[in-house]
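**Q** Sequence:
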Amino acid sequence: MESRRERGIDFQKLAKYSKHAPRYTSYPTAVEFKPLKPEEIIPHLKGDKPLSLYFHLPFCRSACYFCGCNVVYTSKESKRRRYIDYLRKELDIWSRYLDTSRVVRQLHFGGGTPTFFTPEELEEVYQLIYSHFPNWEEGAEISIEIDPRFFSREHMEVLKKYGVNRISFGVQDFDPKTQRAVNRIQPFDLTREAVEIARESGVIESINIDLIYGLPYQTLESFKKTLQLVKELDPDRVAVFNYAHVPWLKKGMRKIDETTLPSPEEKLKIFKYTIDFFENNGYLMIGMDHFAKPEDELFKAIEKGELHRNFQGYTTKGGADLIGFGLTSISETDRAYFQNYKNLKEYESAIDRGELPVFRGVILNGEDLLRKYIIMEMMANFAFDIKRFEERFGVNFREKFKQELEELKEFEEGELIEILDDKIIVNKTGTLLIRNIVLPFDEYYRKMGNKKVFSKSV
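The sequence shown runs contiguously to residue 922 in our numbering.
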């Protein structure tokens, strides 16, 4: 039987089936988070699984209009200094409830712009982390997001000293007209220099480049030029995200002239060309929006059915409790999601009271756990092993999810998936529509009135 990976992509089907859907970095999704008191999450910190640590460094000097992240704009050194002081206090509070001797499997810095912090300030943050968490798994993944406009050899020396082995560079687009329209001027030479600094360090195992399609003034021809420049950088991975224009949720996006955005048809042309470009240049497509060289562990993981997905995207390091530190950070344990305050004053006030700065989240019930497993398995590995599910949960899948299987027939008839006796397999076109394919298993989406709170899948 022809494998899903060998089939081409039917772009007419993308337009037909695409609709508003969650990105499923969690289930239940963040729109279901409700107010939580810190004491409600303490029982969920008692496990002995390895830890995945996320630190949110929220500061940027200026706004990139496309950005959907939680960011604080400032040029003041005093704000960064104060934030580090509060991270120290927050770590001390977490240490009361979390066994910090647990082995750390992953550490990730996101933002904001982590390297907007000076090398000395970043070193202080790393020292805080290593002093609180002394035990690290051999081969732990230590990664950071970098804006090439705020990156120096001195930054790289600090990253090397503290074991960073993966770097993700934000690029989005190299076209000057698009860069001006989104308020992010980033010449190619500057990005190339940043990549060379990382590569020359000799410690970076994987360099990733982030791109976005669907930005102002983008055309197929302009994006072709960006892709050629990315090829020159020779990254190990590339992420190509679909721009989600949600100005009703993100104020910065209101500064984008909607008449300059490419049409859905142009976006599909760009996406189709991008897939062909990377596959013709030695990369393999991973999931909805990632490309990796065949030797990359991301590709090896999906071949084994061992890819995982969380708030940082695709990862090979599953089986860990994710604990987030800093403003807006989200944590995930087996039966809970919980989030820190989004407002800096509220975050600081909670810490001043000696409390965990958690303000909302969701405690998963038994039904949530079943559906989370199905959705996350399909989102990550584009296949679902029915027998493994039944052995794990003691549930007859076909009886329990009779209605959902009926709804999946639409995708089976459209040749996006195959429903076999013991598994569900998603084909290559289906991987790009996976957000839609898993919707039948989302009990909350079914009940939701306003679906536009989510972006369109393609």
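These aren't lab readings, by the way, just hints derived from the structure by calculation.
Heads up, a few of these hints could be off.
[As the list claims (entries may be wrong)] With a cut-off of at most 30 Å between alpha-carbon atoms, the simulated DSSO-like pairs for lysine-lysine come out as follows: (1) LYS911 - LYS806; (2) LYS715 - LYS733; (3) LYS641 - LYS689; (4) LYS540 - LYS733; (5) LYS806 - LYS553; (6) LYS540 - LYS689; (7) LYS543 - LYS553; (8) LYS540 - LYS806; (9) LYS892 - LYS483; (10) LYS806 - LYS477; (11) LYS864 - LYS851; (12) LYS864 - LYS836; (13) LYS543 - LYS768; (14) LYS806 - LYS866; (15) LYS781 - LYS641; (16) LYS477 - LYS689; (17) LYS543 - LYS757; (18) LYS543 - LYS477; (19) LYS806 - LYS768; (20) LYS510 - LYS809; (21) LYS715 - LYS641; (22) LYS851 - LYS714; (23) LYS781 - LYS768; (24) LYS714 - LYS736; (25) LYS733 - LYS695; (26) LYS768 - LYS866.
Source: prediction; values computed, not measured.
**Q** Going through the numbered hints above, which ones does this structure break? Give me the numbers in ascending order.
**A** Violated: hints 4, 6, 10, 13, 14, 15, 17, 18, 19 and 22.
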